[in-house]
Amino acid sequence: MISSPLVRPATLPDPYVVDKRVATGVVGTVYRAHNSETQAPVIVKKVSYLGIRLNDTQAILDDVEALSQLSSPYLTHLESVIHDSRHRLYYLISEVCVSNLQLLISTHIKENRFLAEERIWSLLEQALKALDYLHTAEKRIVFKDGRELKYREVCHGNLKPSNVMISETGVVKLGDFSINKAISQLFMDKASHQSVQYMAPELFDSDGSRPEYSPASDIWSLGAIIYSVAMLRAPFVAPTKDDTIKKICTGTYLPIINYSTDLQNVVARMMDLSPANRPTAASLLTHPKIDKATERFMSFLTASLPTFDTHEERHDEKPDTILLSIKNMVSEEESVERLQDELDPPKDRFLDALLTRKAEKPVTDSAIFVPPSVDQKKIELSQEGDTPLIAAARAGDLNGCKQNLSQVTKHNRAGLTALMAAAANGHLECVKLLLEYEKGIRMRTTKWDFGFSALSWAAMNGHVDCVRILIPAEAQLVTERNVTALMYTSWWNQPACAALLIEHEAKLCDIDGRTALMMAAERNHVDCVLQLKEKELKITMKSGYWGVGFSALSWATIRGHHEAAAVLQEEIGIYDVNGISTLMYAAWNGSVEIAKLCLSAEVGRNDVFGRTALMVAAERNNIDVAMLVVDREAGLTSSDGRTALMKAAEMDAVDVAKLLLSKEATMRCKSYSCSNWEYTNVTALMIAAFKGSANVCNLLVQEEAGLKDNSGCTALMAAAHCGHEEVCRILLPREGGMANNSKSTALMAAASKNYFRCVEILLEKEAGMSVNASTSALTMAARCNGVDSIRLLGPREGKAFGKAARANTINNDVKALIKTYMK
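Just so you know, the sequence shown maps onto residues 72 to 894 in my numbering.
Bear in mind the hints are in silico, worked out from the structure with no lab data behind them.
There may be inaccurate statements among the hints.
In silico DSS-like pairs for lysine-lysine, Cα to Cα no more than 27 Å straight-line [said to hold, decoys possible]:
#, residue 1, residue 2
1, K481, K181
2, K824, K836
3, K363, K318
4, K870, K836
5, K779, K734
6, K870, K890
7, K578, K510
8, K814, K824
9, K667, K734
10, K886, K729
11, K221, K181
12, K510, K481
13, K578, K609
14, K604, K578
15, K836, K894
16, K836, K779
17, K317, K363
18, K741, K729
19, K667, K741
20, K886, K874
21, K890, K836
22, K210, K181
23, K894, K870
24, K741, K779
25, K360, K317
26, K886, K870
27, K604, K667
28, K210, K91
29, K814, K734
30, K814, K870
31, K578, K613
32, K363, K312
33, K667, K729
34, K360, K510
35, K824, K890
Derived Cβ-Cβ restraints for the label pairs, each shown as a range [claimed, not checked]:
#, residue 1, residue 2, range
36, V535, N336, 31 to 37 Å
37, S845, R157, 27 to 33 Å
38, T82, L220, 30 to 36 Å
39, S742, Q640, 36 to 42 Å
40, P84, N336, 45 to 51 Å
Note that the Cβ used here is the ideal one computed from N, Cα and C, for glycine as well.
Using the sequences provided together with the hints, build the complete structure.
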């Protein structure tokens with residue numbers, strides 16, 4: 072996406088300078104920054120309280136001041152607080168922590184290893200010490216105005232893996248919470264799907280009430296976090312926020328496996344459905360496994376921690392509608408179950424947004440078979456909990472295997488058997504010995520796909536002799552997700568093993584409807600594609616939440632693999648359930664060579680939503696593909712009446728917009744919905760204004776400025792209605808002072824939502840304009856108690872419209888403010 076030159080970079084109050092944005096959540100944005108005077112690194116959280124009631128605003132400011140006075144080595148230290156009253160912001164300046172539990176979980180998933188149990192006990196002990204301080208210790212707070220309060224019971228209320236920080240010295244510190252329970256309630260309804268996974272069941276009362284957090288709620292949340300650390304997945308996973316809440320309220324989750332009974336029992340007690348039955352932090356600290364757990368784990372090494380710097384996140388200025396479901400790789404709101412699905416990060420979700428625009432793909436309860444690295448040719452097998460038999464099989468020690476045959480069928484902590492260990496390492500003689508005892512056994516672990524077999528291990532590592540001997544016993548032994556050994560050979564590019572398995576497992580599909588050929592095509596493993604196409608060509612996906620109708624060519628195209636696509640040209644003309652063509656996928660991905668392969672057969676085709684390849688290319692600003700199809704597809708409209716230029720306007724795709732300007736400028740869309748309003752007969756410029764697409768607005772202003780929709784709305788009004796100040800600056804010279812059919816102006820639209828920065832821009836040309844004697848921008852601001860806008864409008868409109876404005880609010884503070892401008 073092209074960044075607008077008008078969009079200002081993030082700035083912080085002096086002396087702090089932004090280094091990079093770390094995360095964006097529902098209540099604020101977190102930056103890594105440094106003090107320009109001392110060069111000391113800090114974390115800055117910028118929180119806006121714009122639109123919050125005055126009483127709540129004071130509570131927030133008190134809460135922030137109180138937080139800075141808390142003192143515990145297990146809480147993140149708040150170094151200072153900067154209050155920007157003009158912009159209704161405050162900045163929390165805190166110490167830098169090098170990691171958090173979310174990143175720790177992510178790293179262990181990628182490295183295919185579980186945390187040592189001793190480490191989990193240590194993490195739990197330190198987090199409990201923080202909660203014990205919050206829940207029981209007396210905390211004396213002295214405010215700047217002289218008020219003094221004593222707090223005994225403080226609840227965190229926002230526990231989740233990303234808020235359990237780890238310092239440079241390895242100390243666990245809880246962060247991002249409020250002292251005042253009322254503050255937590257202000258943001259409770261904004262909790263994201265991922266945050267909800269760690270909220271206690273009593274917080275979701277069926278009667279619609281808003282129950283308060285309690286110490287027991289914190290204990291439940293910490294239990295869910297420890298579960299996630301142990302299992303590398305969240306305890307409650309569901310496709311939607313409401314479904315997640317239902318699961319939480321039933322209290323049903325997969326038990327912790329491969330760890331001690333003590334850990335299982337402690338977590339179960341912490342996650343008891345009844346708050347009264349949960350242990351306190353103080354009582355848990357006396358548990359023999361928790362007491363002094365950190366002392367027993369002296370091998371803790373800070374160097375092993377994942378750090379924020381190693382998980383760089385790309386932040387576009389505006390969301391990509393096609394990629395809505397896959398945004399936020401490592402963000403404040405990233406959940407454990409998303410980290411599990413690293414086989415193909417963007418695949419599962421961008422297709423759904425592109426093709427069906429449905430809700431995000433549901434997350435399954437078990438991970439797909441997950442390689443830790445795309446480039447890694449051999450997966451390192453976990454050795455945690457190896458029995459002597461497994462260790463011998465892993466090393467190819469035939470005599471050691473014979474001496475320990477009494478241990479057959481036992482698993483290590485990762486779920487491996489001795490036969491799997493031998494097969495994975497290609498130790499043929501050990502495989503022959505162990506086959507009789509352990510054939511048909513599948514892995515039992517949440518880290519790998521449930522049901523991983525010895526044949527799968529041998530196949531993915533290319534051990535042909537082992538595959539040959541295992542086929543009679545384990546061919547078609549699929550995992551819980553119906554993944555076959557042949558699919559693993561396709562994914563890991565083992566054509567010799569694939570040749571042995573084709574006759575036994577060709578044409579089988581996994582739980583999402585994918586074949587081995589599709590997987591080979593997705594990975595651009597041409598040798599495997601050539602072997603499999605005879606058996607599996609033109610098979611399309613029949614099931615799965617996403618991708619129904621996908622072919623192997625579809626997968627090659629969305630990954631941009633021209634070589635595999637060239638081998639699969641016989642599938643050109645196959646469309647998925649939504650009528651999406653290969654050309655459209657190529658347009659989305661910017662795959663010019665693949666687009667050329669299918670251009671003659673598929674150009675001009677619409678999907679079931681009426682979209683063309685040109686429209687898809689416009690959304691992605693893929694100019695090269697757009698140039699291939701523009702002559703055949705320019706001027707066409709989708710089912711909702713939008714042109715490719717309008718799609719480009721939505722996404723600020725300025726390169727494609729330039730290509731389309733002479734062909735589609737001034738065309739109209741019958742209807743367009745934005746911010747709960749329905750607009751009719753709109754232009755591309757209006758759509759760009761709604762979306763804040765400053766670059767495209769700059770381009771279109773000469774062609775479409777001054778045009779109105781059926782209600783008389785201009786692009787400037789659209790920008791003001793949505794609070795896009797940069798677009799307002801661009802359009803003001805051409806459209807400032809215009810009114811719609813109801814005599815409303817852009818200034819009134821901005822004031823009605825207290826977009827005071829837009830108000831400040833529009834004052835120059837529109838202050839004093841009115842619908843009638845009782846309706847102006849000032850009265851609009853009064854209706855929403857927009858104090859910031861009132862301060863700007865009062866000097867211009869107070870005398871004429873102050874009385875009417877006071878009649879439009881019941882807030883006495885606002886009335887008093889307006890009165891000062893009536894003199």
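Discussion item. Going through the numbered hints above, which ones does this structure break? Give me the numbers in ascending order.
Written reply: 3, 10, 11, 17, 19, 22, 25, 28, 29, 32, 34, 36
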